[in-house]
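> Sequence:
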Amino acid sequence: MVHNAGFIFNLFLKRKLPPFYAFPILNKITGQALSSITENLDGIDGNFYVVPDLPDYLQAGIVDSPSNFKVQRIKQYQGYACNLDGFGDVDSYLKQRFGKSSIKNMKARKRQLESRFSTSHRFFYGAMDKDHYDFLFDRFYQMLKSRFDEKKTFNRYLLEWNYYYELVYPMILKQEAVLYVIYVGDEPISISLEFCVDDICFGYIHGYDSTYHRYQIGDIRMMMLLDWMIAHNFKIFDTLMGETAFKAKWSNLIYDYHYEVFCLPGSAISRLKLQHTKLKLRLKQYLRDTGILGKWFQMDKFMYRRMSKRLQDFDWKEPVI
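Take the sequence shown: its position 223, counting from 1, is numbered 223 in the UniProt record's numbering, and each next residue is one higher.
None of these hints come from the bench; they were simulated from the model. C-beta: ideal position from N, C-alpha, C; glycine also.
Cβ-Cβ distance ranges computed for the label pairs, FRET-style:
{"id": "1", "residue 1": "314", "residue 2": "28", "range": "36 to 46 Å"}
{"id": "2", "residue 1": "126", "residue 2": "186", "range": "17 to 27 Å"}
{"id": "3", "residue 1": "252", "residue 2": "213", "range": "19 to 29 Å"}
{"id": "4", "residue 1": "117", "residue 2": "276", "range": "49 to 59 Å"}
{"id": "5", "residue 1": "288", "residue 2": "111", "range": "32 to 42 Å"}
{"id": "6", "residue 1": "275", "residue 2": "211", "range": "45 to 55 Å"}
{"id": "7", "residue 1": "146", "residue 2": "279", "range": "34 to 44 Å"}
{"id": "8", "residue 1": "105", "residue 2": "70", "range": "47 to 57 Å"}
{"id": "9", "residue 1": "97", "residue 2": "256", "range": "18 to 28 Å"}
List of simulated lysine-lysine pairs, DSSO-like, C-alpha gap at most 30 Å:
{"id": "10", "residue 1": "16", "residue 2": "247"}
{"id": "11", "residue 1": "317", "residue 2": "174"}
{"id": "12", "residue 1": "16", "residue 2": "70"}
Generate the whole structure from the sequences, applying the supplied hints.
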């Protein structure tokens, strides 16, 4: 399923806000308005509306509604980010997050990779040859598919790869997205897709060739990305929701996501939907907090088998109908 319902995903994939929200959006960490987002999605329909995934470091006003909708805010999971505000280069960020031995080890792995192979790093942002884009997107899919088969966990992007293929190229040309690629010779061994909104970069999809896992490609990717972002005046690198050891290691900012539920207080049906939604969301968060969801029971592994059958003979270049 393509990420298309949440506040944050509409923000950087569609560059629009749900209809209840007013402009401008404020980045509360930096105090900067997100001036490039100026459109809403289609208008309000019905008497009940749920907006998932609002990060608490963004502030968006609520528009005046003639129907007098009321809003309730429900806390959910946490998100992880690198707050780059105040850092002049990546080395200063590394010194804040890591000890000397960890930094030395990461840089040594990078030197080993670069000394043993003919490596290069490229950022595609504002310009890109379309044929090379096609080549990279096919390699990107193969990386993700190989990792899917190795880990035997669900990957939401594979069946929707044609959607992202069509979406991303024009966004790169408009500097709304960036592809970062590590090459050995002419062959990519790591590809990372980020989306850009004013002073925020959103880390979205990354894949790598596991042949090179001993070089800690993820750490090399992060060092190079943060260096590039600081040089291009991005202040936040948001790696979004979902707790992982890798995110926790690199992030210096942990924030909360909320759902906002809009309902008509004069409607009995709307009030019942509100109570049901609140109970459901609070139960799901309780299951996360107690480790039942995410640790004891992992939905990604549960969905793997069904998805693996759908991927048999699947051609990502064919649009999904």
